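Trainee: Spelled out from the first residue to the last, the chains are:
Number of protein chains: 6
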Amino acid sequence: MPIVQIELIEGRTVEQKRVLAEKVTRAIVESLSCPETAVSIIMREMQTDNFAKAGKLWCDK
Amino acid sequence: MPIVQIELIEGRTVEQKRVLAEKVTRAIVESLSCPETAVSIIMREMQTDNFAKAGKLWCDK
Amino acid sequence: MPIVQIELIEGRTVEQKRVLAEKVTRAIVESLSCPETAVSIIMREMQTDNFAKAGKLWCDK
Amino acid sequence: MPIVQIELIEGRTVEQKRVLAEKVTRAIVESLSCPETAVSIIMREMQTDNFAKAGKLWCDK
Amino acid sequence: MPIVQIELIEGRTVEQKRVLAEKVTRAIVESLSCPETAVSIIMREMQTDNFAKAGKLWCDK
Amino acid sequence: MPIVQIELIEGRTVEQKRVLAEKVTRAIVESLSCPETAVSIIMREMQTDNFAKAGKLWCDK
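Those protein sequences? They're chains A, B, C, D, E and F, same order as listed. For the first sequence, the residue numbers in this note's numbering are 778 to 838. For the second sequence, the residue numbers in this note's numbering are 778 to 838. For the third sequence, the residue numbers in this note's numbering are 778 to 838. For the fourth sequence, the residue numbers in this note's numbering are 778 to 838. For the fifth sequence, the residue numbers in this note's numbering are 778 to 838. For the sixth sequence, the residue numbers in this note's numbering are 778 to 838.
Derived by calculation from the structure, the hints in this document are not laboratory data. Every value quoted in this text rests on a predicted model; they were computed, and no experiment measured them. This list has only true hints and no planted wrong ones.
In this list, chains with the same sequence are indistinguishable; a pair is considered to hold if it fits within one copy or across any two.
Below, computed lysine-lysine pairings styled on DSBU-like, alpha-carbon distance capped at 35 Å:
1. LYS800 to LYS833
2. LYS838 to LYS800
3. LYS830 to LYS800
Working from the sequences, and respecting the hints, build out all of it.
Mentor: Have a look at this one:
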């Protein structure tokens, strides 16, 4: 039941998400000694006009 | 002001979401004795390559 | 894998949370025809100075 | 490291989001005396069939 | 129905949160031309061992 | 700007969180080829009466 939510800028391939899911799950299992089946990961992809840093939209940088 | 966020795999019909909103709202009102108007529900639909369980993407299962 | 996050003002009893978990889970199972074991619910309790509506803290109302 | 997540009904222009990012960032900087570069904002746009208030979908109102 | 979630390092006073709620609400109302009563803000305070940047806990910096 | 939110049952040591932050950050950097400084991690610890699976509170299992 570690539940992980990851916000990403859009544009990742399915293969990158596949590797991300594997590696993040392993990182959690190793750190917390929980079973792999307990780990859920939600990825959310943001358009570049839906993220801002220091008051500026990502698409304006 | 119970605010509810629900993550779902994509592919639900509007009618399913309509029933979900009604039933979840009623469940909260009955459990917490709060007014119906206080309940907000956000649904977020995930592509099957944006959810992973046990290190595997949902689309790979 | 419906994953539910519920924000509540603090002060609910364990019994209220127990009923909430049962009823919200049943509402989701009935609406989406998913197995009960697929439903996870996270409750987060807010202090009254950590929620605001219409620009006013809940503790100031 | 104030990290802000804002849920909106879809349909805002990029210019509205640009102004929102600027104004919300400034509001946080002024209130908390933190540097502008520390503020991240995530906007999430909801379809009108993905938000409910008082048990009713937004698209049904 | 803009719903705002703000993650903060713990240690803000109630007065700081009061000002934050007022200013962020006004920023949203001005940017999106929505009524003040539609804006909800959830603040979540993190202990310094519950936030990490660049792989390091905040309490270790 | 990958921003990660992790929900955990309470009871982890600071050392476990330190390792978690390091390993999850590395997992993201390796998967997405982003700089380490871009990764933020928020951990949220849940009491066992604030998490439910299959309609049952964690504290009742």
